[in-house]
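Asker: Residue numbers (the numbering used here), protein chains in the order written: chain A, 9 to 421; chain B, 9 to 421; chain C, 9 to 421; chain D, 9 to 421.
What the hints contain is simulated information worked out from the structure, not anything from laboratory work. Errors might be hidden in some of the hints.
The list makes no distinction among identical chains, and a pair is therefore deemed to hold if it is satisfied within one copy or across any two copies.
In the DSBU-like style, the derived pairs of lysine-lysine whose C-alpha atoms are separated by at most 30 Å in a straight line are [unchecked claim]:
{"no.": "1", "residue 1": "Lys147", "residue 2": "Lys377"}
{"no.": "2", "residue 1": "Lys326", "residue 2": "Lys374"}
{"no.": "3", "residue 1": "Lys374", "residue 2": "Lys346"}
{"no.": "4", "residue 1": "Lys346", "residue 2": "Lys326"}
{"no.": "5", "residue 1": "Lys114", "residue 2": "Lys314"}
{"no.": "6", "residue 1": "Lys119", "residue 2": "Lys377"}
{"no.": "7", "residue 1": "Lys59", "residue 2": "Lys29"}
{"no.": "8", "residue 1": "Lys266", "residue 2": "Lys172"}
4 protein chains.
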Amino acid sequence: MSKDLVILAYSGGLDTSCILKWLIQKNYDVVCYMADIGQDEDFEKARQKAKLIGAKDVIIEDLRNDFVSNYMFPAIQMGLVYESRYYLGTSVARPCISVGIVNAAKKLGAKYISHGATGKGNDQVRFELSVYSLWPEGKVIAPWRQPEFFNRFQGRKDLIEFAKQENIPVSATPKAPWSTDENIMHISYESGVLEDPTAEPPSGIYKMTRDLNQAEDYPSTMDITFEKGLPVSVKIPSGQEKALIINDPLNLVRTLNKLGGQHGVGRIDIVENRFLGLKSRGLYETPAGTILHVAHLDLETYALDKEVLRLKKYLQEKMSDFVYNGFWFAPEARYTRKCLELSQESVSGTVTVQVFKGNVIVLARKSAKSLYNQELVSMDIAGGFSPEDSTGFININAVRLKEYARFAGGQEF
Amino acid sequence: MSKDLVILAYSGGLDTSCILKWLIQKNYDVVCYMADIGQDEDFEKARQKAKLIGAKDVIIEDLRNDFVSNYMFPAIQMGLVYESRYYLGTSVARPCISVGIVNAAKKLGAKYISHGATGKGNDQVRFELSVYSLWPEGKVIAPWRQPEFFNRFQGRKDLIEFAKQENIPVSATPKAPWSTDENIMHISYESGVLEDPTAEPPSGIYKMTRDLNQAEDYPSTMDITFEKGLPVSVKIPSGQEKALIINDPLNLVRTLNKLGGQHGVGRIDIVENRFLGLKSRGLYETPAGTILHVAHLDLETYALDKEVLRLKKYLQEKMSDFVYNGFWFAPEARYTRKCLELSQESVSGTVTVQVFKGNVIVLARKSAKSLYNQELVSMDIAGGFSPEDSTGFININAVRLKEYARFAGGQEF
Amino acid sequence: MSKDLVILAYSGGLDTSCILKWLIQKNYDVVCYMADIGQDEDFEKARQKAKLIGAKDVIIEDLRNDFVSNYMFPAIQMGLVYESRYYLGTSVARPCISVGIVNAAKKLGAKYISHGATGKGNDQVRFELSVYSLWPEGKVIAPWRQPEFFNRFQGRKDLIEFAKQENIPVSATPKAPWSTDENIMHISYESGVLEDPTAEPPSGIYKMTRDLNQAEDYPSTMDITFEKGLPVSVKIPSGQEKALIINDPLNLVRTLNKLGGQHGVGRIDIVENRFLGLKSRGLYETPAGTILHVAHLDLETYALDKEVLRLKKYLQEKMSDFVYNGFWFAPEARYTRKCLELSQESVSGTVTVQVFKGNVIVLARKSAKSLYNQELVSMDIAGGFSPEDSTGFININAVRLKEYARFAGGQEF
Amino acid sequence: MSKDLVILAYSGGLDTSCILKWLIQKNYDVVCYMADIGQDEDFEKARQKAKLIGAKDVIIEDLRNDFVSNYMFPAIQMGLVYESRYYLGTSVARPCISVGIVNAAKKLGAKYISHGATGKGNDQVRFELSVYSLWPEGKVIAPWRQPEFFNRFQGRKDLIEFAKQENIPVSATPKAPWSTDENIMHISYESGVLEDPTAEPPSGIYKMTRDLNQAEDYPSTMDITFEKGLPVSVKIPSGQEKALIINDPLNLVRTLNKLGGQHGVGRIDIVENRFLGLKSRGLYETPAGTILHVAHLDLETYALDKEVLRLKKYLQEKMSDFVYNGFWFAPEARYTRKCLELSQESVSGTVTVQVFKGNVIVLARKSAKSLYNQELVSMDIAGGFSPEDSTGFININAVRLKEYARFAGGQEF
């Protein structure tokens, strides 16, 4: 009788290697799935490791272009920021990987998907809600939430012991005292020594960005062009005739990551509210994402009608929560995304940005679609604007206030 | 027969000096009112100038403590930011000055208040809505909106000619090709050469902050303490036994302005949406305000319940618009302010901040009132948290998504 | 030399007849424009009256189909309700008429549009903001806001005197001591004796609906079918083989108006907040509109995803204010309308409704697109739902609450 | 060794009687807790039944005054309505009962609370989130979510068999083919035959209200007085010298229930979205609650400032969801409630209401605190209002629209 097939989201690390073995021991066929979304990883080594442990097959899929074009850039277009600061680099990667693994599961006729996410975090939620949205009849095995597993493996020590016993190769390098998640958009750092919010992060923790005291001493400038809110090209440096022009999304992000990293751009150190109701402390570095977000915000405010901007911002706040909480494929997120895209019809133009010492400084912006009217706003030109109208405008706005003041009888002042 | 009394918001500059003379020529008694809210101004010289022109009296009132404690600090407590970037340094100054001038008008039995704000800007609105809220029976004379005045004085040249003719002293220094508004919280720059949003601002324009290439080469650290969301003390440098501790609000702001300025902190260059429906380009520098806002946001996210934070953020967005538009004393702003203050009951604690090269970097935060629970979040401690519960949580959240996926029949994927 | 042409929104009543004469006396050519949006009016008589007074021409345009299909039905689809009660029957008529009059003005090469709306009301705003949106270079003459006019005609008596003197026919019937606005969607009643909010409205004031004590003694039932949120057919009575089926929008509204009127459906008596900051008391009767709104709300809640419903409701509240305030053609309203339409993609189905004694009672609803799953919700069927999952769901939701309770130390309870 | 004590929320019905016995068989001491919140129940009979089954004790607590004053009236004050129609009669009862049972548990040193709510409904969530908020160290036993229980008792038949076998008295009356929840505020009906949303409810199902064809033939009028948004007295009939005046909250509700019931007021038949993501169909009758809600809405719109009203409405929508979902004691609900109470400071006054044939008709309203100004709004009085100001107001509002129209180049029209 044939065994049930599990597709395991495999990282090559200790946890998912032990899970792989454990699933095989529980009599499943296991195919390992690895998505390349730009993390620094030796995929071939991981493949061999999985094969050695007993994986029936290993799928390694390059999703970098998909991730940049269909998740990272839309996040910038929609202006997604969680709790005013976090650009959601991990949150937008989860649905991307989920599509890959669900497609593999459907193609191979698997019954289960499995992963190594823990029971207190956001990623289990993001991963599983995406899977269930894409594949409602699919089933998920989350070993870290099964008593049989988490009682047996109560700490890293137990995993290492199991690995040794089962001939699973264990990295000689000691694990960093925190955990990271990496993709082309960002690296996150959390847990371990970082759990104490009163302690400064250890020096040398960041990988994509330089410390400010080691940042470049001369600023870099660039022109970033957006069409309908999506980044379409970068010209470096700004205003030069023989500048470098990059249109390829993946290359664009890589270049801005490198440049932003040299200038120490895009670090945050925050305490955030997880979906499960816990507060947790996290560090993030998002060099290209930060540059693009700053430029997009500037262009958007410049191009959009004042009231449309406010509606858009409300929807953007809702969408940021949806995405953080794992609802990328939920009906409300699909709906909100469509509305946000509609808002960006006229967000086309170019923003000149200077990157320097951790700062992203907007120098200038232009757009054929902006409602900015220099003649109208100019102090020196009447420009179809009668100052007397302002008197009426103010007086009518004051009607309600005067009524209230009379009514309150001055007692509150 | 006695003349009607006008209280004129006087700056000592060309515009309000000409307005002063013009009002006198129109047979009003005029008392000039100057509020000291921290701007760089020779008040005595202005007093003599006003007297020379014919002011019946000149009132100079030091509102700096009032401004910091009752307008700037509440703005930080409430988290006020206009269109994601502007900390409202001018907007919160207007109601403060309005209280001063209305009190003077009531005390002196004046019938009118007059000002030199132009007909396209926000300040006329903020000023007059405040005045009408505080003094509903009061009347405002806004010469720049009266055809008799604006037709006569069509440009600066006309004003200078009038000044010469009427023996009003005219500054020998040529006027900067932009206009500024200054107080202890910030300086704004707009109009003139800045009206072109595609042009980088002229170098040397900023007064409170150094350019990044001239900023200090060593970071400064400090501990900023808040009680119920209001800044109460700053300790510089952080973690030193013999540190400088400042509790006096005015002194606190001055010190952070100086420090922030040395590190090039708090500049923005934006296009914003005015209340009247125009877009305008403005530069702002807000050193102390930026440091305090960054620290407050960090503490607030740390201390507040997740859902309270979201409600607070909605109200904060509304309040930012109310304040920008001049409705500080309107019923909706009074109400929203009370609600926002209620949200800050537990926002007490200390944030350690590093200021360096234009950046305000949060290093650590502590609060006796935070809902952060290190034990609960730790990967290594079960801490009253059953991983199995997460399974149920995810499955129930997926009920709706699976239904939708079945319903949509996969067509959208 | 040719005269400037004015298109006057003409009603045939005393006010606009006097305005017509006054404009002619001020040396304008005047073409009168009357839109038929279902009001009870003798258009031919009005045409002759205008001609007699001196109108260069009179345009009478039947906009009833346009009004029902492009304004009233979208208002139902979008769920527009002002301040929880008013279905915006007047507000949605103004932009419809404005399109007609602007088209006429453009076609005839007019320079001005004129109307008889007063200076305290909403209609002047709705009318003019629509005109300026559709025709930014157009100009508006609003006599009731011009001192020359309103000082001369200080009351109805002055108008009647002017009319007599200028041989303008004056109706023999005394004017009702309130004013009304009528179209196929509703009739509104306000001002005059209605201005006292503590006084019950005079009996016999309502024209479209019977008093409850004269309403039919037997209920009527009907099946109302919607496609993408828009009403497409009504079947009367419900469930009969040989029922009357109406698909034509105008006929549909007429039929529901008659039926609703017989059953006394759709009256409200409210105090509302005008855009100008005044509160005013109004009576409205909206028989067909009320039936359609009740049915639409039921279907929508049935068909839409829970979270999409909440987003839609937020946008609906914003849109209701936009429309009430006259911003139908503003960018924010165009944008919001597109978003609201997007939300209605799956709001298709049939609602069975009983109309009786002023009540609109939903009896049943069905939709091929509803997310309602009887099997899932049934107490008697497990249906892919594990009760144990609810435990996890509750426990995880409680994590935050327990933390708060521990933190608050019980002091608040 | 002493047994662990469980406090069981006991109803006297089949489910909780079987649960009582089951808990005793599982070696717990069980004290039954019954809250009297106005449901039609023979409490003494239930007490004897519980004793007979083996309850260690039975606590019957009269919470009717507490429920009306601290849950039902605040719900009216806050304007709570779920999904535009449901007045939350069950949702507000759960936290009230939870306080009672938690107090009992604490007093008696119990370790557990148990209840008979099922695993698909809202009540389990409301009940348990309240318990955990009030008593974070408490534990809940929910038999209907434990496989041991729900696998054993798969339907009503299994329960009856168990009851017979264990000598638990079983009612001779056959159970209605739906389930109800009853308190002084409302009765709800759901599940069973009601699960089919296309089927009209069985006739005779409603208990508190008459069918419209049996409703009284003469209207009743009353004056309802509110202070700070809370109902404080009812005078019946309105305007009579020798009217009945009721101040006692419980009596007030009872009287309005009776009167509303005679007039067939307060029924709804809806499909709603449960917190767990299911849609379910429910019928509710809320006679007094409906009358009070209609009156309160009228007074509130009359008394509140326009913009405060909008902020209040946003918070009211959020609060309605919090309460429906069981978060009455959560930090966000405590906070929102304080904000909503703040909004009601001036909602004091009297509304005259007619109740007739299912309708609640507002006839008049008065309030010493309303911002309504008859003089200001009157067409016949200039009243400190210059019509010319409206011109400026409209023109300034049009600035943005004209810009947009010019920009869009007419293409969208």
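Asker: If a hint holds in the structure, say so; if it doesn't, say that too.
Answerer: Results of checking the hints against the structure:
no.	hint	verdict
1	Lys147 to Lys377	between (48 Å within a copy, 26 Å between copies)
2	Lys326 to Lys374	both (29 Å within a copy, 29 Å between copies)
3	Lys374 to Lys346	both (26 Å within a copy, 27 Å between copies)
4	Lys346 to Lys326	both (13 Å within a copy, 18 Å between copies)
5	Lys114 to Lys314	between (46 Å within a copy, 29 Å between copies)
6	Lys119 to Lys377	between (51 Å within a copy, 29 Å between copies)
7	Lys59 to Lys29	within (11 Å within a copy, 56 Å between copies)
8	Lys266 to Lys172	neither (39 Å within a copy, 60 Å between copies)
Of the hints listed earlier, the one the structure fails to meet is number 8.
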